[in-house]
Amino acid sequence: MQDPLGLLRLGYAKPLLELRAQRWEAGASNERTEQVVEETPVAIVYNGIPHVVMMATPVDLEDFALGFSITEELIRTPDDFRSAEVVRYSQGIEIQASIAPECEGVIATRNRRLTGRTGCGICGTDSITAVLKQLHPVAPSAPIPPSAIESALRSLVNHQTLNAEAGAVHAAGWASRDGTIELAREDVGRHNALDKLIGALLKRGVDPTAGFAVVTSRASFEMVQKATVLGAPLLAAVSGPTGLAVRVAQQAGLTLVGFARNGRLTVYTHPDRVAV
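Quick note on this note's numbering: the sequence shown kicks off at 1 and runs consecutively.
Each statement offered as a hint is correct.
Pair ranges (Cβ atoms, derived):
(1) Q22 with S98: 39 to 49 angstroms
(2) A168 with E104: 35 to 45 angstroms
(3) T109 with S29: 47 to 57 angstroms
(4) Q250 with A142: 17 to 27 angstroms
(5) K203 with P145: 24 to 34 angstroms
(6) Q250 with E18: 37 to 47 angstroms
(7) S29 with R154: 26 to 36 angstroms
(8) I49 with G167: 35 to 45 angstroms
(9) P101 with G243: 34 to 44 angstroms
(10) A28 with T109: 57 to 67 angstroms
(11) T109 with T77: 12 to 22 angstroms
(12) H159 with L17: 17 to 27 angstroms
(13) G167 with A28: 16 to 26 angstroms
Because the hints were derived from the structure by calculation, they are not lab data.
Note that the Cβ used here is the ideal one computed from N, Cα and C, for glycine as well.
All chains, please: the whole structure from these sequences, using the hints.
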């Protein structure tokens, strides 16, 4: 098969691919240069033990590996994550992570058996017990003004450089209590974007009770679970939640906000944490 643009190659080093495409508009067509976001097979290997292959955008991969390791509870604390080397092959990318030896038993018992698709946060997990992990109670915290939530999601777009170039990219952001975005990460997969953000926060030693998380996607069960592992008091999404996400958030003490856009938002759980 002819592949002059290299579209069939895997493992691009850059997060964006530039190509020529035909655009139709107002009944006329023209050829133009377009930017397309990449999704690449990313294998995570712990102490030489292969664990999972995820489809991800090849940027901020060390943050991704740390965040994934914590939210999947493969390690106990960030200190268990010793180092990570990103190795790029023609077929994809491998993150060679070094973790505390005592965590290897967890890796062996929690080994994923399938490739995680871009939009899948729990693909390859082979038991219901492994999916429905023990809840992490969220510590009490001071109320957050609704104006801060709205401000954070409005300004998150300014931190979405990949999405501005190509579209089709999710973002997860960390905001201070006044709604200022302190940190943001992007990925073609919403779960990956949140894992990248969590990894970046952990590397910087950010206090999870000092702010809140915002995402440009729906609030699914896996997103809520990751937020509770971090210890974030509030998760706000531009789209709605699932029923399981609401139940888990309620039990864990997480304030879950959905449909936070166009001057409105809906608080599904623990509404006392959202107040003027």
